[in-house]
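J.: Go ahead and model the full structure; you've got the sequences and the hints to work with.
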Amino acid sequence: MVQVSGAQTSVRDVDSDVLVIGGGIVGLSTAYALTRAAPGTRVTVLEKEHAPARHQTGRNSGVIHSGIYYRPGSLKARFAVAGAAEMVKFCAEYDLPYEVTGKLIVATAREELPRLHALVQRGRENGIPVRELGPAQISAYEPRVRGLAAIHVGTTGICDYGAVAAQLAEASGARILYGSEVTAIDRRPWGVAVRTASGTIVRGRVLVNCAGLHCDRVARLAGDDPEMRIVPFRGEYYELADPSLVRGLVYPVPDPAFPFLGVHLTRGIDGGVHVGPNAVPALAREGYGWSVVRPGDLAGTLAWPGSWAIAREHWRYGAGELRRSLSKRAFTEAVRRLLPVVEERDLRRADAGVRAQAVLRDGTLVDDFLIRESARTVHVLNAPSPAATASLPIGREVARRALALL
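Each residue of the sequence shown is one higher than the last, beginning at 8 in our numbering.
No lab work stands behind these hints, which were simulated from the structure alone.
There could be a bad hint or two in this list.
[Stated by the list, open to error] Quick list of simulated restraints, FRET-style, between CB atoms:
| hint | residue 1 | residue 2 | range |
| --- | --- | --- | --- |
| 1 | 302 | 151 | 42 to 52 Å |
| 2 | 309 | 347 | 45 to 55 Å |
| 3 | 327 | 80 | 26 to 36 Å |
| 4 | 407 | 104 | 21 to 31 Å |
Every residue gets a Cβ at the ideal spot worked out from N, C-alpha and C, and that includes glycine.
T.: Below, the structure is given as structure tokens:
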């Protein structure tokens, strides 16, 4: 920690009761939950960009996930299932665009059938309505999709998470300071003081770290060892030139050894169809293309033992993802497993996103949401997908912990 405030400050002088670092959907949901759980609570959100939702929140596929993939009883399962229903209600309440579309998860090879059946069981354990389909029933939903078997998940939907984040910011009543990159944090008996890149000092009684791609760095600024590092993975997308080829959302059967869902087809709230993403190592925490290289970010990834452990264990998977990144033909081949009519010319490049994946020292990819507390601080250290879907329950949980520290 670096000292950033004078010793004479007392609790009466603080600017806020709770300081939230990060203006993505999780940080803004936390601010929203704080002011609803404890009206009159002074909340300040510090966001380094000049608008909300510039990174993970604003660069995802806009899916309201059902929660079918996640281990029963885990935070991801509980918060995604609850969050999906709450997100639909939130969008309806504030007249934000959304649609409950349902989705297909399609097995295209026999070796995928046991994993598909396991998903049926998991969905039922998580309280999610699931319908099993044969090839003819798949065609009834998606005439151009081919598969041996599928499941239909009725509670999946789509929305605009950027619009949701903006509404959370407005409805929270919090003071939101954009262009406020945090450079130093100092804990004091009365709370915390934070210095931004502009030299501004902001004080609060409790700090909440929702910094996403930079959450481990913020934890270390606060003097805590998060015992993990964020390893950024870029997800690259195409879009269909002819969106009529797909009616809704179509996913492959995921490999449970990885936290990525594979290349899928997602009709967005704007009517376009995104295809992807793959998952390749990003050369910067905000590295949305191969040309974006930040030596400090890259050095941090390479210095973490967990990064090398991932590479050793999953190099075959990684090689396939890299091939699909560098070869449009290879990417098209992956899509054709689900949608055989697709040709290279049918795919157009779309904006990429970066997933903030927490990795432990031994190379374990943190599978669940990870929230930790220390003195006057709550850290959200792993909140990739389905965090946008689960953002309202996550925000309430983080707010509960923060209020207990006041």
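J.: Now tell me if each hint is right for this structure.
T.: We went through each hint and held it up to the structure:
Here the CB-CB span from residue 302 to residue 151 is close to 45 Å, well matched to the stated 42 to 52 Å. For residue 309 paired with residue 347, a C-beta distance near 40 Å fails the hint of 45 to 55 Å. Judged by the Cβ atoms, the range 26 to 36 Å given for residue 327 and residue 80 holds: they are separated by roughly 32 Å. Hint check: residue 407 to residue 104, Cβ distance near 30 Å, so the stated range 21 to 31 Å holds.
Checked against the numbered hints given earlier, the structure breaks only hint 2 and satisfies all the rest.
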